[in-house]
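A.B. asks: Sequence:
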Amino acid sequence: MTHRDAIDVRAITEAETPDWIRALNTGFLRSPAVTETEIADRSSYIIPERTLAAFDAGRCVATFRSFPQELTTVGGTPVPADAITNVTVTATHRRRGLLTRMMATDLAAAKKRGDVVATLIAAEYPIYGRYGFGPATTAAEWTIEVPRTGLDRRWSGPADGARIDLVDGEDVRKIGPELHERLRRTQPGAVSRDERWWQVNTGVLSLDRSPWTEPFYAVYRSATGEVEGLVSYESDDKWHDKQPHDTADVNWLIAVTPAAERALWQYLCSIDWITKVKTGWRSPDDLLPHFLPDPRAARISTQADWLWVRILDVVRALEARTYGGTGTLVLEVTDRDGLSAGRYRLDAGPDGAACAPTTQDAELTLDVGELARLWLGDESAVRLAALGRVREERAGAASVADALLRTSRRPWCPDIF
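Numbering (the working numbering), first residue to last: 1 to 417.
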């Protein structure tokens, strides 16, 4: 038996939770010390059979966890997803296939469970493509130079009968979940949030490693009193030469109408002493810059891949979403792990789609990871063909794919997990 074979990859037991947390902290270059608070918190929400580890001589040297999630497709239908997180391999055990073994175990279980896709936020780009994942959404962070916006600093609130009020965490826990549900019913790429998300993001639950600092919360209510937007933000306190240079850092902002979104950004830019606003992660085609008299006042400071998707069930994935046009496309999907490989005929239209395995000649050949790039509408098949990542078996098939799959607004995932 080789040393690699001697490493045991399996789900953890309750008694192994502290060792798993230590390995997780080590992998993320945090202090490996484990507190009782951390053990209690992790034990309260991890699912043992979906919390994997690699053990070498009884010591945890790799970690992996998944949990149930819903992901919104184009058109608003949610599909069950296997959300993957807490992936680490200790530096002493790299390049031994441990992640590959943990990933294979988890994806096989997800496929058997009936999950349509798996999802993750990739810390590093090169890792997950080899497991069939593709970057399906992009995120951008803007920095707003407030003095350049052209906004009147005497702004005192929305002029349409709506209002913005400061609220506290308890209010957010009451009104936030329903507002987020309204958002994710219409936002391709959005994922579900459980009660724990709202508790963590309002300070009810706080780990020793992440000391809680109470942020500010502002709510936008329409003229009829309906909650249409929420923002959480923090501010530093910097003065130079008797002048304020404070930055408002947005933790998250959700809005279900453009009016609410506009008003919340203008509110943030109107706060006394704030000279800069950092937006947090937004969609790359966010309306934000054009809410400002001078759009150049908002510049993208960071833009990168965000939500990665691994399609586990091609038929259900393609049938779940809607399409802007009517057409037929035969796809040859390759998948080195065999979970989704096959030839599929897609008959799509605005009122729905049918997808089924077929023996017809393929029109477009692509890897399952490239299909994930196209599925939520963010990527172009024509562009991928130019890059050599998809292959046209029939001239013009990539253009047909774009006409069916591309969306007018880009998908966006507001969350990290």
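One should not assume that every hint holds.
[To be verified] Derived Cβ-Cβ restraints for the label pairs, each shown as a range:
| id | residue 1 | residue 2 | range |
| --- | --- | --- | --- |
| 1 | D351 | G58 | 14 to 24 Å |
| 2 | A104 | A15 | 32 to 42 Å |
| 3 | H245 | P295 | 31 to 41 Å |
[Unchecked claim] Each computed BS3-like pair below joins lysine-lysine, with the alpha-carbon atoms no more than 30 Å apart:
| id | residue 1 | residue 2 |
| --- | --- | --- |
| 4 | K242 | K278 |
| 5 | K242 | K276 |
| 6 | K278 | K238 |
Rather than coming from a laboratory, the hints here were simulated on the basis of the structure. For each residue, glycine too, the CB sits at the ideal point set by N, CA and C.
A.B. asks: For every hint, state whether the structure bears it out.
C.D. replies: Hints, verified against the model:
Between D351 and G58 the C-beta distance comes to about 58 Å, which lies outside the given range of 14 to 24 Å. A104 and A15 have their C-beta atoms about 25 Å apart, which leaves the hinted 32 to 42 Å range violated. The hint said 31 to 41 Å for the Cβ distance between H245 and P295, and at roughly 23 Å that hint is violated. With a C-alpha separation of about 23 Å, the suggested pair K242 and K278 falls inside the 30 Å cut-off, and the hint holds.
Our distance criterion of 30 Å between C-alpha atoms is met by K242 and K276, whose separation comes to about 17 Å. Taking the CA atoms of K278 and K238, the gap is near 15 Å; set against the 30 Å cutoff, the hint holds.
Consistency with the previously given hints fails for numbers 1, 2 and 3, ordered from lowest to highest.
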